[in-house]
Amino acid sequence: MSQLRHLLSAGDLDRASAIAILDTAEEMSSVNHRDIKKLPTLRGKTIVNLFFEDSTRTRISFELAEKRLSADVINFSAKGSSVSKGESLKDTAQTLEAMGADAVVIRHWASGAANVLAHSGWINGSIINAGDGTHEHPTQALLDAFTMRKRIYGDDSKGRDLVGQKVMIVGDVLHSRVARSNVKLLATLGAEVHLVAPPTLLPVKLETWGVSVHFDLDTALRQVQPDSVMMLRVQAERMNAAFFPSEREYSRLWGFNSERLAMLKPHALLMHPGPMNRGLEITASAADSPNSTILEQVANGVSVRMAVLFHLLSGDKESK
Amino acid sequence: MSTRTVLVSDDINRAITRIAYEILESNHGTADLLLVGIPTRGVKLAERIAAVIAKNEPSFDAKASVGRLDITMYRDDLSNNPTRAMTETFIPSQGLADKVVVLVDDVLFSGRTIRAALDALNDLGRPRVVRLAVLVDRGHRELPIRADFVGKNLPTARDEKIRVHLLETDGDECVVIEG
Numbered sequence: 002m003s004q005l006r007h008l009l010s011a012g013d014l015d016r017a018s019a020i021a022i023l024d025t026a027e028e029m030s031s032v033n034h035r036d037i038k039k040l041p042t043l044r045g046k047t048i049v050n051l052f053f054e055d056s057t058r059t060r061i062s063f064e065l066a067e068k069r070l071s072a073d074v075i076n077f078s079a080k081g082s083s084v085s086k087g088e089s090l091k092d093t094a095q096t097l098e099a100m101g102a103d104a105v106v107i108r109h110w111a112s113g114a115a116n117v118l119a120h121s122g123w124i125n126g127s128i129i130n131a132g133d134g135t136h137e138h139p140t141q142a143l144l145d146a147f148t149m150r151k152r153i154y155g156d157d158s159k160g161r162d163l164v165g166q167k168v169m170i171v172g173d174v175l176h177s178r179v180a181r182s183n184v185k186l187l188a189t190l191g192a193e194v195h196l197v198a199p200p201t202l203l204p205v206k207l208e209t210w211g212v213s214v215h216f217d218l219d220t221a222l223r224q225v226q227p228d229s230v231m232m233l234r235v236q237a238e239r240m241n242a243a244f245f246p247s248e249r250e251y252s253r254l255w256g257f258n259s260e261r262l263a264m265l266k267p268h269a270l271l272m273h274p275g276p277m278n279r280g281l282e283i284t285a286s287a288a289d290s291p292n293s294t295i296l297e298q299v300a301n302g303v304s305v306r307m308a309v310l311f312h313l314l315s316g317d318k319e320s321k
Numbered sequence: 021m022s023t024r025t026v027l028v029s030d031d032i033n034r035a036i037t038r039i040a041y042e043i044l045e046s047n048h049g050t051a052d053l054l055l056v057g058i059p060t061r062g063v064k065l066a067e068r069i070a071a072v073i074a075k076n077e078p079s080f081d082a083k084a085s086v087g088r089l090d091i092t093m094y095r096d097d098l099s100n101n102p103t104r105a106m107t108e109t110f111i112p113s114q115g116l117a118d119k120v121v122v123l124v125d126d127v128l129f130s131g132r133t134i135r136a137a138l139d140a141l142n143d144l145g146r147p148r149v150v151r152l153a154v155l156v157d158r159g160h161r162e163l164p165i166r167a168d169f170v171g172k173n174l175p176t177a178r179d180e181k182i183r184v185h186l187l188e189t190d191g192d193e194c195v196v197i198e199g
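Here the protein sequences line up with chains Y and P, keeping their order. Under our numbering, the letters of the first sequence match residues 2 to 321, in that order. Under our numbering, the letters of the second sequence match residues 21 to 199, in that order.
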């Protein structure tokens with residue numbers, strides 16, 4: 002198992018280390034079902050959650066994971082901090098370093114922010130990317146892979162990859178860091194990835210991604226017969242132009258509703274990274290159906306993040 | 021490097037049988053008895069001890085009385101060693117509360133593994149008593165911990181290595197000292 006220092010991109014993980022993290026998460030999830038949901042593993046380590054962008058589930062999930070491993074947790078959000086007085090990322094990072102942070106979990110609106118923090122020399126601790134702009138969100142990809150593996154293989158999921166699984170990612174791929182990280186990790190784990198989106202919401206140079214691209218959801222669902230469908234959030238806050246004519250049209254052409262749910266295989270998974278725009282990319286009936294894994298994804302997020310923290314923060318720093 | 025074999029298959033089986041009888045004797049039977057092995061070889065030893073007990077006390081359900089306790093997350097050397105893989109922890113459905121738990125491991129050395137195991141047990145429940153059974157006690161304790169049931173006391177030098185091979189995990193059966 003290779004020793005990782007930072008987790009910046011889903012591409013940092015080879016097959017062996019991805020499976021090792023998922024297997025550890027499997028054990029962490031059994032800890033999360035005990036009466037005493039705590040392990041002493043990261044006692045004495047300080048972890049800073051550095052959030053420059055709003056987040057509910059990722060921040061809470063990381064905080065819970067850190068606390069369950071007994072780390073000391075500091076939450077920092079840009080609002081209400083010196084960032085609003087104009088402090089730069091460099092000064093913030095150096096302040097955290099001076100306070101002795103062993104790891105920094107960073108969410109930033111700028112793509113590449115985590116990478117800058119990891120390679121600038123401003124800070125010595127491990128950096129975990131919790132979402133940088135429209136670039137990557139590796140722990141989300143890990144928890145999605147964990148959720149698929151768990152639904153498909155149940156108690157027999159340890160050591161498994163996702164070879165033979167057809168995964169369809171639908172919606173706002175252009176602005177989605179979840180899609181980028183998932184495409185990389187799913188390829189590492191051997192799954193077949195299909196992207197379905199209106200052409201205006203697809204990035205350029207898609208031919209280098211190694212995925213199939215479809216422009217019509219109904220046709221794609223019929224042709225591909227996916228094992229998992231991952232709906233992406235329409236990221237209105239990142240849209241500075243008109244990418245589709247109207248919300249109603251988007252919902253009619255790209256939204257997941259009960260008719261499209263009926264086209265799926267009986268045990269196919271319907272996933273969404275949250276937060277959902279109910280009624281836009283997914284209807285309430287689809288989101289609350291038995292195929293939906295949305296709440297499992299949230300629960301699994303804690304286990305997967307515990308596993309990531311364990312892999313990054315235990316072991317010999319010098320040998321990394 | 022010299023290697024000498026200190027226990028062969030028959031010695032190991034005799035030691036396991038004796039430990040099983042000693043456990044029965046000290047517990048006055050099988051009441052509330054739970055054998056919890058520390059992976060990897062401790063689990064196999066716990067299963068074998070349970071099998072010997074079940075042969076003598078037919079009322080003893082060997083399957084439902086053996087657990088495994090992964091101590092990876094409780095080690096005190098996590099920041100010095102390369103990342104270890106965490107394995108499954110399994111406690112039989114009867115739970116630990118008010119049980120007589122016998123921890124089983126292959127080699128007792130510094131005592132740090134057992135310290136970690138006691139912490140791990142503490143997070144899972146509150147046994148009435150915790151005892152320790154080991155196949156080999158090689159000395160050099162670093163903590164105030166001792167075994168209640170010992171297969172074989174082996175005086176060793178600190179820099180020597182003890183290897184326990186069991187049929188289930190290694191394909192052959194012996195205890196060797198390398199040094």
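Treat the hints with care, as some may be off.
Stated by the list, open to error - Some chain P residues close to chain Y (C-beta under 7 Å, calculated; not the full set):
#1 L98
#2 M106
#3 D143
Think of the hints as simulated: they come from the structure by calculation, not from any bench. Glycine is no exception: its CB is placed at the ideal position from the N, C-alpha and C atoms.
A quick look at each hint next to the structure:
The criterion of a C-beta within 7 Å of any C-beta in chain Y is met by P:L98, whose closest approach is roughly 4 Å, and the hint holds. Using the Cβ-Cβ criterion of 7 Å, the hint placing P:M106 at the interface with chain Y is satisfied: the shortest such distance is roughly 5 Å. With a cut of 7 Å, the hint placing P:D143 at the interface with chain Y holds, because the nearest CB-to-CB distance is about 5 Å.
When held up to the earlier numbered hints, the structure conflicts with none and fits them all.
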